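**Q** Listed below, chain by chain, are the residues.
2 protein chains.
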Amino acid sequence: MTTTALTLTPTDGGAGCCGPAVTQAVDPEVARELARTFKALADPARVQLLAIVAAQDGSEACVCDLTEPVGLSQPTVSHHLKILVDAGLLTREQRGRWAYYSLVPGALARLAGALTDATSD
Amino acid sequence: MTTTALTLTPTDGGAGCCGPAVTQAVDPEVARELARTFKALADPARVQLLAIVAAQDGSEACVCDLTEPVGLSQPTVSHHLKILVDAGLLTREQRGRWAYYSLVPGALARLAGALTDATSD
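Top to bottom, those sequences are chains A and B.
Using the UniProt record's numbering, the first residue of the first sequence is number 1, and each one after it goes up by one.
Using the UniProt record's numbering, the first residue of the second sequence is number 1, and each one after it goes up by one.
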């Protein structure tokens, strides 16, 4: 996730039919980036996995400890974790037999900030 | 969106193979609710529409003013707006010919809070 804030930029305004013209829109590139991140969170198992990792000491967890809490097989859990890594929310580190997943510092806070920025203008 | 915070509840812990046992997980019902809301935001057009509505005076916009900024037909825009309404992020009010959409007060802030709660434990 390289861009993390809803950057509001002026549009042409348009010919409003029934009120003040719409004068602001989100940059399309930012909208795509945010939608991609939200898509990674659009699954209950991934919400759970992210919250579990975030709740651990050092915001890090072994994949071997993540299967039981979500009640899914390790291949399925690894698939969900890969989506969270690809979205820039987690990082993955292989240590011997097991993969460890860590929360990307600030990633959730930046996403939260993008949501609240949308309501502050 | 009736439940808006990531409520962390104890799990059985499990037999961790290689570190401290995982002791926290998100309530499955909360995870489903959050995932449903994130899914509503998992589309660039819906991110744009939500931000445009949020940026208007009174956080309200006529559907007639929303088609041009996103470059989509009115039926397509209405479809996207319905998904945002169903997710509890917008409300819809018909006034004569046009439908007006308003941001649900606090909805985005609560969603943002759920994200940051996940990292505060």
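No lab work stands behind these hints: they were computed from the structure.
Some hints here could point you the wrong way.
Identical chains share a label here; the pair holds if one copy fits it or two copies do between them.
Here are the simulated SDA-like cross-link-like pairs (lysine to any residue), alpha carbons at most 20 Å apart as the crow flies [said to hold, decoys possible]: (1) Lys39 to Asp86; (2) Lys39 to Cys64; (3) Lys39 to Gln94; (4) Lys39 to Glu93; (5) Lys82 to Gly71; (6) Lys39 to Ile83; (7) Lys39 to His80; (8) Lys39 to Tyr100; (9) Lys39 to Trp98; (10) Lys39 to Gly96; (11) Lys39 to Glu60.
Given the structure is predicted, the values throughout are model-derived calculations rather than measurements.
**Q** Hint by hint, say whether it matches the structure.
**A** The hints, checked one at a time:
1. Taking the shortest alpha-carbon separations for lysine 39 and aspartate 86, both the intra-copy value of 11 Å and the inter-copy value of 17 Å come in at or below 20 Å.
2. Neither within a single protomer nor between protomers do lysine 39 and cysteine 64 lie at most 20 Å apart by alpha-carbon distance, with minima of 25 Å and 28 Å respectively.
3. For a Cα distance limit of 20 Å, the shortest separation of lysine 39 from glutamine 94 qualifies neither inside one copy, at 25 Å, nor across copies, at 30 Å.
4. For the identical chains of this complex, lysine 39 and glutamate 93 are neighbours neither inside a copy (23 Å) nor across copies (28 Å), given an alpha-carbon limit of 20 Å.
5. Taking the closest pair of Cα atoms, lysine 82 and glycine 71 come within 20 Å of each other only inside a single copy of the chain (17 Å); across copies the shortest separation is 33 Å, beyond that limit.
6. In this homomeric assembly, lysine 39 and isoleucine 83 come within 20 Å of each other (Cα to Cα) both inside a single copy, at 9 Å, and across copies, at 14 Å.
7. When the C-alpha separation of lysine 39 and histidine 80 is checked against a cutoff of 20 Å, the pair qualifies both within a copy, at 12 Å, and between copies, at 15 Å.
8. Taking the closest pair of Cα atoms, lysine 39 and tyrosine 100 never come within 20 Å of each other, the shortest separation being 23 Å inside a single copy and 27 Å across copies.
9. With identical chains, the CA atoms of lysine 39 and tryptophan 98 are never at most 20 Å apart, being 27 Å at best within one copy and 30 Å at best between copies.
10. In this assembly of identical chains, lysine 39 and glycine 96 lie within 20 Å of each other by CA distance neither inside one copy nor across copies; the values are 31 Å within and 35 Å between.
11. When the C-alpha separation of lysine 39 and glutamate 60 is checked against a cutoff of 20 Å, the pair qualifies neither within a copy, at 22 Å, nor between copies, at 26 Å.
Of the hints listed earlier, those the structure fails to meet are numbers 2, 3, 4, 8, 9, 10, 11, in rising order.
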